[in-house]
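Asker: Numbering-wise (the working numbering), the sequence shown opens with residue 616 and increments by one.
There's no promise every hint is true.
Restraint-style ranges between C-beta atoms, simulated for each label pair [stated by the list, open to error]:
1. Thr679 / Leu639: 30 to 36 Å
2. Tyr666 / Leu639: 16 to 22 Å
3. Pro641 / Thr665: 27 to 33 Å
With a straight-line cut-off of 16 Å between C-alpha atoms, the simulated EDC-like cross-links for lysine to aspartate or glutamate are [stated by the list, open to error]:
4. Lys675 / Glu646
5. Lys675 / Glu656
6. Lys680 / Glu664
7. Lys680 / Glu646
These are computed hints drawn from the structure, not numbers from a lab. Heads up, the beta-carbon is just placed ideally off N, CA and C, and yes, glycines get one too.
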Amino acid sequence: MPLRPVLHLVARPQRTDPVPAPGLHPNPSIESNALLRGTREVLIRHGGETYRLRHTRNDKLILTK
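Generate coordinates for the entire structure from the input sequences, incorporating the hints supplied.
Answerer: Listed below in C-alpha cells is the structure:
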C-alpha cells in the first residue's frame, strides 16, 4: 500500500485591530520643513509650556522642554 502525503492545515489567528486601508495613515503627517520654514529651530507652545524643536547638523530632530 503506497504512502499518501498528509497535509496539515494551521489556522492563522484573526486580526482584531483595525487595519487602515492602503494609502491611509491613522495619524496625520506633516513635513518637518513645514514646521521649521527654512530655520534650524522653532519654538512650540503646548499646555502653557514652551518646547524647542531643533534640526541638527546630523539631520536629526530634537524636541526639548
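Asker: Next step is simple, just say for each hint if it's right about the structure.
Answerer: Hints, one by one, checked against the model:
1. Thr679 / Leu639: 30 to 36 Å: holds (32 Å)
2. Tyr666 / Leu639: 16 to 22 Å: Once the Cβ atoms are compared, 29 Å apart, the range 16 to 22 Å for leucine 639 and tyrosine 666 is violated.
3. Pro641 / Thr665: 27 to 33 Å: holds (28 Å)
4. Lys675 / Glu646: With Cα atoms ~13 Å apart, lysine 675 and glutamate 646 stay inside 16 Å; holds.
5. Lys675 / Glu656: holds (12 Å)
6. Lys680 / Glu664: holds (8 Å)
7. Lys680 / Glu646: Not satisfied, since the Cα-Cα distance of roughly 21 Å exceeds 16 Å.
Hint compliance for this structure: hints 2, 7 are not met, and every other hint is.
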